[in-house]
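A.B. asks: Chain by chain, the residues run as shown.
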Amino acid sequence: MTTTTRIDRRFAALKAEGRPALVCFVTAGDPDAKTFAEILAALPGAGADVIEVGMPFSDPMADGPAIQAASLRALQSGQTMVKTLKMVADFRKTDPDTPIVLMGYYNPVYVYPAEKFLDDAVAAGVDGLIIVDVPPEADDELCLPAVKRGLNFIRLTTPTTDAKRLPKVLTNTSGFVYYVSITGITGAAAPVVNDVHSQVARIKGATDLPVVVGFGVRTGEQAAALAKGADGVVVGSALVNAVKDSLGPKGEATSDTVPAVLGLVKSLSQALQPA
Amino acid sequence: MATRTDKTSEAKLNSYRTGPDDQGHFGLFGGRFVAETLMPLILELETAYYAAKADPKFQAELTDLLNNYGGRPSPLYYAERLTDHFRQVAAASGGKGGAKVYFKRDELNHTGSHKINNCLGQIQLARRMGKTRIIAETGAGQHGVAVATVCARFGLPCEIFMGATDVKRQSPNVARMHMLNAKVNAVTSGAGTLKDAMNEALRDWVTNVKDTYYIIGTAAGPHPYPEMVRDFQAIIGNETREQMLSREGRLPDTLVACIGGGSNAIGLFHPFLDDEGVAIYGVEAGGHGVEVENGHAASMSGGKPGVLHGNRTYLLQDGDGQILEGHSISAGLDYPGVGPEHSWLKDTGRVTYVPITDKEALDAFQLCARQEGIIPALEPSHALAYVTKLAPTLPQDNLLVMNMCGRGDKDVFAVAGYLGMTI
Chain A
29 MTTTTRIDRR FAALKAEGRP ALVCFVTAGD PDAKTFAEIL AALPGAGADV IEVGMPFSDP
89 MADGPAIQAA SLRALQSGQT MVKTLKMVAD FRKTDPDTPI VLMGYYNPVY VYPAEKFLDD
149 AVAAGVDGLI IVDVPPEADD ELCLPAVKRG LNFIRLTTPT TDAKRLPKVL TNTSGFVYYV
209 SITGITGAAA PVVNDVHSQV ARIKGATDLP VVVGFGVRTG EQAAALAKGA DGVVVGSALV
269 NAVKDSLGPK GEATSDTVPA VLGLVKSLSQ ALQPA
Chain B
18 MATRTDKTSE AKLNSYRTGP DDQGHFGLFG GRFVAETLMP LILELETAYY AAKADPKFQA
78 ELTDLLNNYG GRPSPLYYAE RLTDHFRQVA AASGGKGGAK VYFKRDELNH TGSHKINNCL
138 GQIQLARRMG KTRIIAETGA GQHGVAVATV CARFGLPCEI FMGATDVKRQ SPNVARMHML
198 NAKVNAVTSG AGTLKDAMNE ALRDWVTNVK DTYYIIGTAA GPHPYPEMVR DFQAIIGNET
258 REQMLSREGR LPDTLVACIG GGSNAIGLFH PFLDDEGVAI YGVEAGGHGV EVENGHAASM
318 SGGKPGVLHG NRTYLLQDGD GQILEGHSIS AGLDYPGVGP EHSWLKDTGR VTYVPITDKE
378 ALDAFQLCAR QEGIIPALEP SHALAYVTKL APTLPQDNLL VMNMCGRGDK DVFAVAGYLG
438 MTI
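Chains A and B are the protein sequences, given in the same order.
Residue numbering for the first sequence follows my numbering, starting at 29 and increasing by one per position.
Residue numbering for the second sequence follows my numbering, starting at 18 and increasing by one per position.
So here's chain A without its partners, still in its complex pose (with noise of 0.2 Å):
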């Protein structure tokens, strides 16, 4: 790695504290954008150190159904990919630090086009992507015209992802790598605890990257739990859901929705603090 980013510059300053980073998923645009521009400006203060902002998309193939609503409920209400990007560019003027990586299906970033979406996300701000559709075997595509923009690559490796297969996952990824704690869509079963351990092991035996836990994760002690040998852990569906639940009769934001992402995410900062 030649140069560092906001996400490398992150994770340093947290392996100096002693901590394991809390990466926060949230669907842009969900329930509504004035909402959505509240929690994104509040989840660093609550306790998120890296934000995963979710670029809605109709057929979210990897997600379970709660990421799926979001994504429908941020369409409902208009959310584009260019009033995506606008939000982090806001949301960048106030946060330097925080960093921001953008996740979702390559589709709506291959019809944007792809070359424009990436220059339009790094001026926006965006630190990193995981585009959950595109392989490495398909690096050409997005991943090398990114890095080469000086955007970090994220990608996922799974309880499928072998031995042999491993190191082809990681040539080209930077930032950090995301352990899909399950074979399975976001949200689903919880992942078992052991086996992560060891599957995060094996990842970090092949690699300098934090390695983060996703899927699965719900309360503060689970997430204390998986993050023991780990990097971080990221907390997507729990989020998404804590909106669902605030959401008023005709599935309007309340009074409560803020406060409901909010202070879930405080008691989960909370659990992964030092003893």
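Hints were generated in silico from the structure; no laboratory data involved.
Just to be clear, a hint being listed does not mean it is correct.
As the list claims (entries may be wrong) - Listed below are several chain B residues computed to face chain A (Cβ distance under 7 Å; list not exhaustive):
id : residue
1  : P57
2  : V106
3  : A108
4  : W222
5  : V324
As the list claims (entries may be wrong) - Not close to chain A: a few residues of chain B, all C-beta gaps over 12 Å, as computed:
id : residue
6  : A68
7  : A71
8  : F171
Here a beta-carbon is modelled for each residue, glycine too, at the ideal position from N, C-alpha and C.
Add chain B to chain A, keeping to what the hints say.
C.D. replies: Structure of chain B alone, referenced to chain A:
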């Protein structure tokens, strides 16, 4: 992004039959756009498929099943009264045309459509790979019935994902799947049609990676599915070639087939792609008309390239890359994408793709029933509707083959409803 997004060269190719490349690309289209959890499975499937393809024992067992269980070869039938009808239509406007129309009778297969060709191939592959549980998506239910059938035949548990909307409009096929001991999961996400069923099937697969085999029903999805399904369906074109040579002493001049994902069409077309004299037409579902926004399912006539369900192909989508639901009277054509090889054949110009509206398909459905005593499925009714436009303009010695890829039993109640018949 340099090479792969280049438009397919304008220069004439030596062959249209060599694709895909080793990464599953047909020019710009195809590929393997799936989440990491599925990548190792897709790679394992590719290795297993190529090994099976090269194994004479696998091929011999498959041929035996196709012939003695599936009912192949399907007849190539000269549709004499329809041919006369088209000649009268031509004569009425002062012309001398009227192609000689043949039907490739794949609706006579076991389970009533071409879908069984692919399912027999894939179930044999699944067994060879030691998989013990089968999942599939279905739109009209023809693929679901074919999957449930082969699972019953080989004693494997089977779950079918079907959009809730389709469960309603294709109830006879839902009943058949239940009778065949398949579990049918009605999918309520999205518009509850084929694309949503495919999303749910992929979610199941990603969750049950170890024991489960996913039988995709059309020549789409991540590599190797488009190639594999095409290979299993190419028996349609291979038989047609032999049958026409034996019957007329030469190749057909014109081929017509309907396109949803496009498996029956690629099966008919592929063996003829390098025969320059054969004109080839793929017929898409024009719904209420391709000019009606989100009112059709003609992804090539009215969509643009994008990435969905593991492959790059023409898709119905809005300006922000969100997938549209599309519409067709035919549940089997109601899909926002199309197999990637068709997208490539469109861009190379080798195949001409045209839309047919719901109404035109309904008219053709009735014409076929009355003229030939064959009640076609709504899917090939689209192909026939284009034949009614094309055949009268062609000379009488033009040999035209239309793939009658499914029978209309599943559609009779829905069509009776559209026609206002009381039963």
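A.B. asks: Taking the hints in turn, state whether each one holds.
C.D. replies: A quick look at each hint next to the structure:
The interface hint given for P57 of chain B is met, as the beta carbon of that residue sits about 5 Å from the closest beta carbon of chain A, less than 7 Å. Look at V106 of chain B: its Cβ only gets to about 43 Å from chain A, farther than 7 Å, so that hint breaks. The closest approach between the C-beta of A108 of chain B and any C-beta of chain A is roughly 49 Å, which is over the 7 Å cut-off, so the hint fails. For W222 of chain B, the suggested interface contact is broken, since its CB lies about 10 Å from the closest CB of chain A, more than 7 Å.
Because the closest C-beta pair between V324 of chain B and chain A is about 5 Å apart, less than 7 Å, the hint holds. The claim that A68 of chain B is not at the interface with chain A holds, since no C-beta of that chain comes within 12 Å of its own (minimum 18 Å). With a least CB separation of 23 Å from chain A, A71 of chain B remains clear of the 12 Å interface cut-off, as annotated. A cut-off of 12 Å between C-beta atoms confirms that F171 of chain B is not in contact with chain A; the least separation is 25 Å.
Checked against the numbered hints above, the structure violates hints 2, 3, 4; every other hint is satisfied.
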